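J.: Each chain is listed here by its residues.
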Amino acid sequence: MKITLNFSALSQTRWYQYLSRFLIGGATTVLAGLIGKKFGPTIGGLFLAFPAIFPAGATLIESHEKEKKGRTGDHRTQRGRKAAALDAAGASMGAIGLLSFAVLLWKIVETLPLWLSLPAATLTWFAVSFAVWKAWQSFF
Amino acid sequence: MLTELVIRFVVGGIAVSAFAILGDILKPKSFAGLFGAAPSIALATLVLTISKEGRAYAAIELRSMILGALAFFVYAVLAARCLLSGKWSASAVTASALLIWCGCALGLWFALLR
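So the sequence lines, in the order shown, correspond to chains A and B. When you line the first sequence up against our numbering, it's residues 1 to 140, in that order. When you line the second sequence up against our numbering, it's residues 1 to 114, in that order.
Calculated from the structure, these hints are not laboratory results. Keep in mind the model is a prediction, meaning the values are calculated, not measured. Note that the Cβ used here is the ideal one computed from N, Cα and C, for glycine as well. Fair warning: there could be bad hints in the mix.
One side of the interface only, derived from the structure: several residues of chain B facing chain A at Cβ under 8 Å [said to hold, decoys possible]:
#1 L2
#2 G13
#3 S40
#4 L83
#5 A90
#6 G103
#7 G107
#8 F110
#9 A111
Input sequences plus hints: build the corresponding full structure.
T.: Put into structure tokens, the structure is as follows:
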């Protein structure tokens, strides 16, 4: 399946949906820091992989699918949920990339400079996620 | 302290929003979904953490993040299965499954790192 960019999707999202994602992201980042301060880095570190944006994103996808013209009732609802399920399947593959991000950065954060270790780990996240997605594509 | 919290809030909000917008504009949906598990919070906080607490502290956080990512995988697989059944809405599934993430992450921490 070909990867494409659809910029018109940006106009489907309302201003308060952008705002809510910014607020959720900001609040989760603050919360992760506060939990780390209160309970120590071993508990705080768990929250570096908290699914901060995924619930809002999946809900948004479901509502966009339901709002599309030419569909009615149950069909729209089911289509919205199936689209959200595909998003969740993608997130599960992204989580494997997230795991590789954490493992690599854990190993190199104390030895390599940050300007090198952070981009390297981020590239690894994307490369692993993409490879898993491609493999999934060829199987299903 | 307050300044640090404000910086964390703004940087975290921008990082999460940026990955979310990428997820919005990309097709197909399964590929866009990869960005739902982007390391946005880690990227937003690690620079601040390292500058304030040092690299050793960040390494301890990252070791725990491995368990958080495993919990994320369980969470997302479960959410995909429930949504595919078509019985529940996305908001109900993704919000209630956060408890699964918490249980899984804390359970792994208890078993492996405590």
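J.: To test your reading of the hints: which numbers does this structure violate?
T.: Hints 1, 6, 7, 8, 9 contradicted; others consistent.
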